[in-house]
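My request is simple: use the sequences and hints to build the entire structure.
Taken in sequence, the protein lines are chains A and B.
The numbering of the first sequence is this note's numbering, which starts it at 1 and goes up by one.
The numbering of the second sequence is this note's numbering, which starts it at 1 and goes up by one.
It should be emphasised that the hints constitute simulated quantities derived from the structure, not laboratory data.
Some clues are possibly wrong.
Stated by the list, open to error - Derived Cβ-Cβ restraints for the label pairs, each shown as a range: (1) A/R137 - B/E24: 50 to 56 Å; (2) A/E165 - B/R59: 16 to 22 Å; (3) B/E11 - A/E14: 51 to 57 Å; (4) A/L135 - B/A88: 38 to 44 Å; (5) A/E165 - B/E11: 31 to 37 Å; (6) B/S113 - A/R264: 26 to 32 Å.
Said to hold, decoys possible - Negatives, chain A to chain B, calculated, CB over 12 Å: (7) D71; (8) L109; (9) Q114; (10) E128; (11) T140; (12) I152; (13) I157; (14) E165; (15) E169; (16) D200; (17) R236; (18) P239; (19) L342; (20) Y349; (21) R365; (22) E385.
Said to hold, decoys possible - Computed cross-link-like contacts, EDC-like style, restricted to lysine to aspartate or glutamate with a CA-CA straight-line distance of at most 20 Å: (23) B/K98 - B/E38; (24) B/K2 - B/D91; (25) B/K12 - B/E77; (26) B/K2 - A/E164; (27) B/K98 - A/E169; (28) B/K98 - B/E9; (29) B/K2 - B/D41; (30) B/K98 - A/D29; (31) B/K98 - B/E30; (32) B/K12 - A/E166; (33) B/K98 - A/E165; (34) B/K31 - B/E15; (35) B/K2 - B/E84; (36) B/K2 - A/D29.
Heads up, the beta-carbon is just placed ideally off N, CA and C, and yes, glycines get one too.
Letter by letter, the chains look like this.
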Amino acid sequence: MEASHDELARVVREHAGRLAASLVGLIGDFTAAEDLVQDAVVAALTRWPTEGIPDRPDAWLFTVARRRGLDVLRRESNYRSKLAQLQWPVRSQPDERLRLVFTCCHPALSRQAQIALTLRVVCGLTTEQIARAFLVRETTVAQRVTRAKRKIAAAGIPYRIPTEEELPERLSEVLTVIYLLMNEGYLATAERAQRRDLVDDAEWLASLLHQLMPAEPEVAGLLALARLHRARSVGRFDPGGRLVLLQDQDRTSWDHDAIGAATRLLTRAAAQHRPGPYQLQAAIVACHAEAERWEDTDWEQIVVLYDMLLHLAPSPVTRLHRAIALRYTAGAEPALAELDGLDTALDRYHLYHATRAELLRQLGRSDEARAADRRALELTANPAEQALLQERIDWA
Amino acid sequence: MKYVLLFVETEKFSEELQAMGPAERERAFEKVDKWFAEHADVVRGGSKLQAPNTATTVRLDGAEPVITDGPFVEGKEVVSGYLEVDVADLDEALRMVKTWPGCPLVEIRPLES
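Below, the structure written as structure tokens:
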């Protein structure tokens with residue numbers, strides 16, 4: 001059941017994105033094209049589980065979309081000429097899908113709208129699926145999508161690939177959306193099945209982008225990061241669904257072929273000497289993935305990578321992670337001193353307090369450690385993390 | 001497509017303008033004049049605006065221009081002038097606004113057609 005669901009998701013993602021791209025290109029009306037595709041996707045999700053996936057899923061989706069398009073043109077005559085041009089097979093140039101992704105992630109749209117539109121239009125998710133993934137109401141998602149589509153039309157957001165000079169900024173918007181999807185899915189795996197699809201969607205989007213823009217090292221970096229996370233995902237939970245810390249994970253359960261492939265991808269990207277936050281994050285994860293045992297972890301290298309990351313993209317959370325690595329190269333005291341400078345910025349972040357607790361405990365300051373763990377417990381809503389922290393408070 | 005560019009002044013900007021010497025102010029005005037000359041072919045007049053939810057705001061007071069959804073909301077900021085321009089799409093309006101040498105905020109609003 002799980003496998004067939006994954007297959008269905010993969011087929012819809014692949015073909016809905018293609019179909020959306022070619023229809024927007026052909027009809028030139030983002031909203032109309034998107035509606036046609038969505039109806040086809042909903043029909044597919046309803047019928048394919050019982051009828052089986054058709055031999056030509058793309059042709060099937062096209063037929064449903066076209067039929068719906070004919071209904072629309074009966075009411076609105078201006079679609080007549082456009083739909084008349086709609087012949088099977090529709091063109092599906094890689095460029096068109098790229099245009100679609102850039103339009104959905106246009107910086108004039110809010111981040112939430114960018115995410116909802118990308119999932120809906122490019123990945124073919126329904127509003128219901130998006131709502132479930134982000135634990136918000138379906139009407140909220142529907143409103144976000146509707147408003148975003150209206151803004152695309154009213155504000156004159158063009159359907160095109162950015163120019164050379166705009167590309168760095170626009171590409172970073174697209175990569176941010178994919179990265180947020182990946183994190184949302186990754187952090188939420190404790191709640192299992194429901195939200196896991198987001199990691200698949202993020203990885204799929206990254207690999208699509210990589211196919212379309214193979215020369216962009218940050219795209220390759222993000223794809224490597226997604227694949228490294230996936231390769232290690234099996235070890236993150238015990239059979240009871242409880243979170244297992246990195247140092248306690250069974251490293252033989254990781255997908256070492258996938259780790260090797262992701263590392264090679266990263267090495268090729270790094271050879272271009274255009275480092276960026278995603279390549280660096282992937283390199284840090286690769287350091288962990290390549291260590292045969294926890295004791296073999298190359299912490300010196302990890303600290304260097306965090307320094308580079310802080311230089312390119314300074315953030316309190318990155319400084320927190322650097323402090324965690326510093327514990328293993330310089331010791332608990334300097335690591336704790338690093339954290340002291342972050343107390344205002346990260347006071348509401350559970351991992352900040354959980355990390356402080358560990359360092360304090362290592363330094364024998366157990367009362368302070370327990371207080372920090374309690375504060376961390378108050379701040380996380382993730383059941384697996386809650387269980388872990390509660391255990392520490394009870395036993396340590 | 002027609003857009004109105006709403007030029008917004010901040011307190012900081014007014015203070016900086018006040019603090020300028022005559023020669024420096026002259027140079028600042030020259031830059032603005034040059035910008036107007038460069039875009040003379042797309043500048044039109046004034047007209048009715050669409051609702052604020054169609055707004056896109058570009059913040060120019062950082063190292064790089066930052067583009068956000070919605071109208072500006074912060075602090076004491078006032079619209080000090082506006083322009084109607086006729087360009088292909090939002091991206092062309094954004095390109096034009098990114099080189100604006102005057103006040104630090106510009107709101108781009110499409111006109112009712």
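Hints versus structure:
Range check, A/R137 to B/E24: about 54 Å between beta-carbon atoms, so the 50 to 56 Å window is met. Between A/E165 and B/R59 the C-beta distance comes to about 19 Å, which sits within the given range of 16 to 22 Å. Distance hint check for B/E11 and A/E14: the Cβ-Cβ separation is about 53 Å, which falls inside the suggested range of 51 to 57 Å. For A/L135 and B/A88, the hinted distance range of 38 to 44 Å is satisfied, since their beta carbons lie about 40 Å from each other.
Between A/E165 and B/E11, the C-beta spacing of about 32 Å keeps the proposed range 31 to 37 Å intact. At about 53 Å, the beta-carbon gap between B/S113 and A/R264 misses the expected band of 26 to 32 Å. Every CB of chain B lies more than 12 Å from the CB of A/D71, the least distance being 27 Å, so the non-interface label holds. Its beta-carbon lying about 6 Å from the closest one in chain B, A/L109 breaks the requirement of being farther than 12 Å from that chain.
The beta carbon of A/Q114 is not kept farther than 12 Å from every beta carbon of chain B, the shortest such distance being approximately 9 Å. With a closest Cβ-Cβ approach of about 24 Å to chain B, A/E128 is found to remain outside the 12 Å limit, as its non-interface label requires. Interface exclusion of A/T140 from chain B stands, the closest Cβ pair being 16 Å apart, more than 12 Å. Non-interface status of A/I152 relative to chain B is broken: a Cβ of that chain comes within 12 Å, the nearest being about 9 Å off.
At roughly 5 Å from the closest C-beta of chain B, the C-beta of A/I157 falls inside 12 Å, breaking its exclusion from the interface. With a minimum CB-CB distance of about 8 Å to chain B, A/E165 fails to clear the 12 Å threshold, and the non-interface call is violated. Taking the minimum C-beta to C-beta distance to chain B, about 7 Å, the non-interface status of A/E169 is violated against the 12 Å cut. With a cut of 12 Å on Cβ distances, A/D200 stays outside the contact zone with chain B, its closest approach being about 28 Å.
Residue placement check: A/R236 keeps its beta carbon more than 12 Å from all beta carbons of chain B (closest about 35 Å). No Cβ of chain B comes within 12 Å of the Cβ of A/P239; the nearest lies about 44 Å off, and the non-interface call holds. Chain B leaves A/L342 outside its interface by the beta-carbon criterion, the shortest separation being 23 Å against a cut-off of 12 Å. Distance check on A/Y349: its Cβ is at least 24 Å (rounded) from any Cβ of chain B, clearing the 12 Å threshold; non-interface status holds.
Distance to chain B confirms A/R365 as a non-interface residue, since its nearest Cβ pair spans about 41 Å, more than 12 Å. Annotated as non-interface, A/E385 keeps its C-beta farther than 12 Å from every C-beta of chain B; the closest such distance is 32 Å. At roughly 13 Å between alpha-carbon atoms, B/K98 and B/E38 fall within 20 Å of each other, so this suggested pair holds. Taking the CA atoms of B/K2 and B/D91, the gap is about 12 Å. The hint holds against a cut of 20 Å.
Between B/K12 and B/E77 the CA atoms are separated by roughly 10 Å; this keeps the pair inside 20 Å, and the hint holds. For the hint linking B/K2 to A/E164, the alpha-carbon distance of about 25 Å lies beyond 20 Å, and the restraint is violated. Between B/K98 and A/E169 the CA atoms are separated by roughly 13 Å; this keeps the pair inside 20 Å, and the hint holds. This hinted pair checks out: B/K98 and B/E9 have alpha carbons roughly 16 Å apart, not beyond 20 Å.
The hinted pair formed by B/K2 and B/D41 meets the criterion: a straight-line CA distance of about 13 Å does not exceed 20 Å. A hinted pair counts as satisfied when its Cα atoms are at most 20 Å apart, and B/K98 with A/D29 does not qualify at roughly 28 Å. Pair hint B/K98 plus B/E30 holds up; C-alpha atoms about 17 Å apart against a cutoff of 20 Å. In summary, the hint linking B/K12 to A/E166 is not supported, as the alpha carbons are separated by about 29 Å, beyond the 20 Å threshold.
Taking the CA atoms of B/K98 and A/E165, the gap is near 12 Å; set against the 20 Å cutoff, the hint holds. For the suggested pair B/K31 and B/E15, the alpha carbons sit about 19 Å apart, so the restraint of at most 20 Å is met. A C-alpha spacing of about 7 Å is found between B/K2 and B/E84, which places the hinted pair at or below 20 Å, so the restraint holds. Distance hint between B/K2 and A/D29 is fulfilled; the C-alpha atoms sit about 19 Å from each other, no more than 20 Å.
In the structure shown, a violation is registered for the earlier hints numbered 6, 8, 9, 12, 13, 14, 15, 26, 30 and 32, in ascending order.
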